[in-house]
Structure formats: C-alpha cells, structure tokens
Amino acid sequence: MGSRASSLLREEDIEEIKKQTGFSHSQITRLYSRFHSLDKGENGALSREDFQRIPELAINPLGDRIINAFFPEGEDQVNFRGFMRTLAHFRPVEDNEKNKDPTSGEPLNSRTNKLFFAFQLYDLDRDDKISRDELLQVLRMMVGVNISDEQLGSIADRTIQEADTNGDMCISFSEFTKVMPGKAIDITADLQNGA
Amino acid sequence: MEGAWEIAFVLFQVWLSIVVGLIVLPAMFGVSLGFTDIYIKVLVKTLEWATLRIQRGQKEQPTLPSQSANGIIEKDDGSMEEEIGELRRSHPKNLAGGDFTMCDAFYFCKKGIENIVEDQVTQRFTSEELASWNLLTRTNNNFRYISVRLTIIWGLGVFIRYCILLPLRITLAVIGLSWLVIGTTLVGLLPSCNAKNWLSDLVHITCYRICARGLSATIRYHNKENRPKKGGICVANHTSPIDIVILANDGCYAMVGQVHGGLMGVIQRSIVRSCPHVWFERSEMKDRHAVAKRLKDHIADKTKLPILIFPEGTCINNTSVMMFKKGSFEIGGTIYPVAIKYDPQFGDAFWNSAKYNMVSYLLRMMTSWAIVCNVWYLPPMTRQDGEDAVQFANRVKSAIAHQGGLVDLSWDGGLKREKVKESFKEEQQKMYSSMIVGQQGRLMLSILI
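Taken in order, these protein sequences are the chains called U and Z.
First residue of the first sequence: 0, per numbering that gives the first Met the number 0; consecutive thereafter.
First residue of the second sequence: 0, per numbering that gives the first Met the number 0; consecutive thereafter.
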C-alpha cells in the first residue's frame, strides 16, 4: 500500500531538502507530486517545455524570465532539488525564524534573496548590472506591441535616472534594493502548511 | 474430461439465468430489486469506517503526510490593476498611478510562481484527488500501511471487485450491447410508423438500463420536468463516454459524432437504422457549415429526438466546466442544459484518454466500487437579442457549473493537447501597457516637467 510518486523520493532526500529550504515534510511531498505531474518525460527533471505547458504561465508576459530563473547557467534540465531551491525563495517568513541563529547562514527566503531573485528577472546576462538595454528588453516583454520605442525609451531612461546613484547608467543590486518597496516582499506566494 | 465440460456448461447456464432473471429483466422494466441500494449502503459504511481509521492512524504517526485537497496555495484573487496598485502604494516615492516602476515585475513573478506550484488548467486533465482514500489501489497517493484490519478490508475489496463484480458486469455489458445491436436492427426492418418509434425508444432505453446495471450505476435525476423535448438540443458537461449511458437511462436522444470503425462502428450503423442519429464522416467534420446545416435540419423536424451534444469537446475531470465551443449555440433552437456530477468516492469516472485507451478505461470502470452520480435538468434557454453565440454559450456554461457545484473556467479544454494561443499573452500585455501609459497626454506632460 505504498504511495506512487513519493516512493521515488527517499526520506534522506526529504530531510536534506527540509534543511536547505525550510519547507515542511508535507509541503515537500506535495510539491514533489506537482513536480512529477509536470514531468511528462518521466526522467526526473523538468525542461523549459514542461513549464510552458502550464497555460497560465505561458500567457504571463514575464513567463520566460521566470522559467529561466529555475535553470542554472547554461543548463536545460532542472531536477527536484533545483526546483525546490528556487521555490524556497517564496516561502513566507515565519515568526520563529526571525530569531534564528545568525551563524546558520542566510535562509533562501530572506528579503535580500527575494530581492535578488527579482533583480535577476531584469539582469538578462547575469553580470550583476541592469543596463538600459536589458531594461528595455524586459519592458518590451511586459508591454508587447502596445507602446512605441520612443515612449519605452523614455520610461527606461527615467527609471534608470531615479535609481542610479553612482552615475554609471546601470542599476546595480544595491541601487535596486533602495528603490524597492518594503511591502513587496510579503506579497509573494504563500505556501499553506499542508493541512 | 467430458464430465467436466458438461458441469461447466450447466454452471454457466445457471449463472446466465440468474443474471438475466434477477438483473436484466428487472432493469429492462425499470424495476429495482434493491441489491444495488444495499450494496451502496454497505459500501458507504465501510468507507466511513476506513476514513476514521486512517485519520486515527495519521494522528498516531505524525510523519504520515496527509491529503489536503484544497490546494496548497492561498491566492490573492485581485485583478492586475489592484495588485500592482498595492505594490506601488508602498513604494518609497509614492507615485500616484500610471508610469512604470521596477517593482511591477513582482506582480508577474508572483503570479508565475503561483501557477508553477498550482494552476487552474492542468489539474483538470487528471483525476481528482480524493480527500480520503476509498480503498482502491488506483487512488492511493500518499497512504501507507496503517493497520491490519484496513489491509484485510482492502484485500477483500480487491477480491469482490475483480472476482465477483467484474465477471458480472462484463456479462451485463455484453448482453446489453448485443441486445442493442440486435434489437435496433430488427426494429429497423419495420416501415416508418408510430409503432416503430415507440419500439425504437424501448429498445434503446432497455439496453442503456442494462449497461447502467453493468456499471453498478446509481443515478439520481433532478427536475425531471425540464427534460429535453423533441426538436431541442441537450448540452451537458463531459467527463467520460459513460455520460451517454447516464443520460440515456432517462430519455431518448439522437447522438452526434464521428463515424468510427470496429465495434463502435457496428453499434453506430445499427442504431441509426431504428431512429435518426447524426453521424459525420471525418472529412465532413472540417466543414462547419455542412455540420451546422445537418444539425439545423435535424432539429427543424419536430418528430426527431433531441440532439445530445457535449460542447466542451473533450473529457474534463468533473471538477470544473471548461469553455463551451460556440458551434452548437449558433444553430438556433432551444437549448436544454444538463449538469452531471459524479461522486468520486465510489469510482473515478473521468476518462484520461492520454493515459488509458477505451478498453482499459472500461475495465477500470467495471472494477470500481460503483458509479454514483447526480443529473440536474436545467430550465431551457434560448439566445437572447443582442447576445452572440459566445456570450450565450458562456451563460449556459455558468448555469451548468453553478448547478453542479463545478468551477466555471473559460479555458479551452483543447489545452489538453494544444498550446495556448498567443492572443491571451497579448491581452495581458495590453492590460499592463494601459496601466503604465494611461493616456498619451499624461506621459508627455510628466517628461516636460
């Protein structure tokens, strides 16, 4: 009378993922079922096509950027560990975590890590700077054909002007964090504790 | 050796006469001897006991993962404007509406991650997850060994389903289908007259009743006064081919569909002899006007039976109703909506055609506990002035979803196999653009300042 999908996930793996990501046991098994159902090729890893099969994600203007965030540099497959690591950024911060031992390393869902995730949505070439070009490209993804090049250009210029403090016409991560609202971090997917 | 064959033959005859006498004949006359009712009652008691036992077991062993059928995300269901507005209000510079801010990306990011964890569409193409195990191996997702008694009951269940119920149901199905083919062919030999129609209806209904017994189907019909009438179109939500048996147990319909080969083809050819059904060749299906014309001609003739159509076009897992294709709503005539809701505790009726072919699906049906479902006949609807086919289709769809307690989705059931259209993404982009640009004039003004 064993289970099907979760029998492929061993207890040791669950414990390790729990330590790394902070998800509970039941959340991990639920997400594993989800991973398994997305994995049409049944090879233990997801490809970009597997993500694209989710219609609501496929119509998301930044869908491709979000999908890309799951894949490490130059790779085309993401396994369950990688999947969980990325999702861990969006685990809501619980009260008992705020007093945690500072030497245990920064949790994946800290404010800084969440902001860095958003930063990487814009930073296309992963060089830790958002250039005007990159900003334009991401803007173009969000607005489609509805705004002209000139208007989009002026929006990009103004955004960089507001954020850029060291005058290099690019937005670095620290400049990015300063213009981000404090509340944005909480409005991220809350994963219910598996009842 | 000879003796053994004779004994086997006699046993077989006894078996057959029991089946015919106690099941087939009462079924044909619509009489119930009460076996199915008793069976369902015992089943319900057993499953309740099993649920309690499992819950107790989970409390004792906290590492056992529990089922949560409510989804694992709490979503904010605000519109794009509302949510981006909230993000911006907490912005340090407090820009008043319009214009782009970098935190807008958070909105898309959040939606994207939510959809990766759980989305509204892909879950409709696989069987519904049960809140509590119903002692069938196939629905066993996360349940582990709990107690000896539970395992024994499960084992008993396997024996009953595979060794007692399965042969019984196969016998009934064979009897039912052969009767359909033979009966309709015989009726087809008669010249057109009232008696022929009456006999045709009789043959159809009795056969479907036998097939329903072959699935241990318990069907409850509600609001029978709204039953579809001749010259109308009956639309229903689609979960499996069994829907036809369920509906045809309480009325006679003209079927619509593609011509098939094999056993289906034999059945199709014989039933069309006794009363008019609408079968299309594959090539004809592509020509929408030809299809519409044939259906229009059929409903114009008030002596012909109401057409049965499933506008979703594909099987959905009975938790939601997906987009209705507008073709059936352009023909005119009166629409009789019907909502069908199966009770998943007794057996999962959904046909996942990607996973199972027709034969394995039918075997799965026959080895489930039973098929229990509710059928609601809704009041007839017609297209109102100023309403186009798509709006009318959506109105009917909402009515069916509301009655059956199903989620009303506008997503196309065809997404099971196809990719989503680019135009939906373009809609999202357009919505966002109007948020950051607003009117042309405003943007120009802020640059001048």
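Please note that a few of the clues may not be correct.
[Claimed, not checked] Going by beta-carbon spacing under 7 Å, a handful of chain Z positions derived as facing chain U:
id, residue
1, Gly29
2, Ile39
3, Lys40
4, Leu42
5, Asp118
6, Leu189
7, Asn193
8, Glu417
9, Ser422
10, Gln427
11, Lys429
[As the list claims (entries may be wrong)] Here are some chain Z residues pointing at chain U (derived, C-beta under 7 Å):
id, residue
12, Phe99
13, Cys102
14, Met254
15, Gly256
16, Val258
17, His259
18, Arg416
19, Tyr431
20, Val436
Bear in mind the hints are in silico, worked out from the structure with no lab data behind them.
None of these values were measured; they are calculated from a predicted model.
Glycine is no exception: its CB is placed at the ideal position from the N, C-alpha and C atoms.
Okay, the hints, checked on the actual structure:
no., hint, in the structure
1, Gly29, "40 Å, violated"
2, Ile39, "24 Å, violated"
3, Lys40, "26 Å, violated"
4, Leu42, "19 Å, violated"
5, Asp118, "5 Å, holds"
6, Leu189, "51 Å, violated"
7, Asn193, "51 Å, violated"
8, Glu417, "10 Å, violated"
9, Ser422, "9 Å, violated"
10, Gln427, "5 Å, holds"
11, Lys429, "5 Å, holds"
12, Phe99, "5 Å, holds"
13, Cys102, "5 Å, holds"
14, Met254, "31 Å, violated"
15, Gly256, "27 Å, violated"
16, Val258, "32 Å, violated"
17, His259, "28 Å, violated"
18, Arg416, "10 Å, violated"
19, Tyr431, "6 Å, holds"
20, Val436, "6 Å, holds"
Hint check: violations occur at hints 1, 2, 3, 4, 6, 7, 8, 9, 14, 15, 16, 17, 18; the rest are consistent with the structure.
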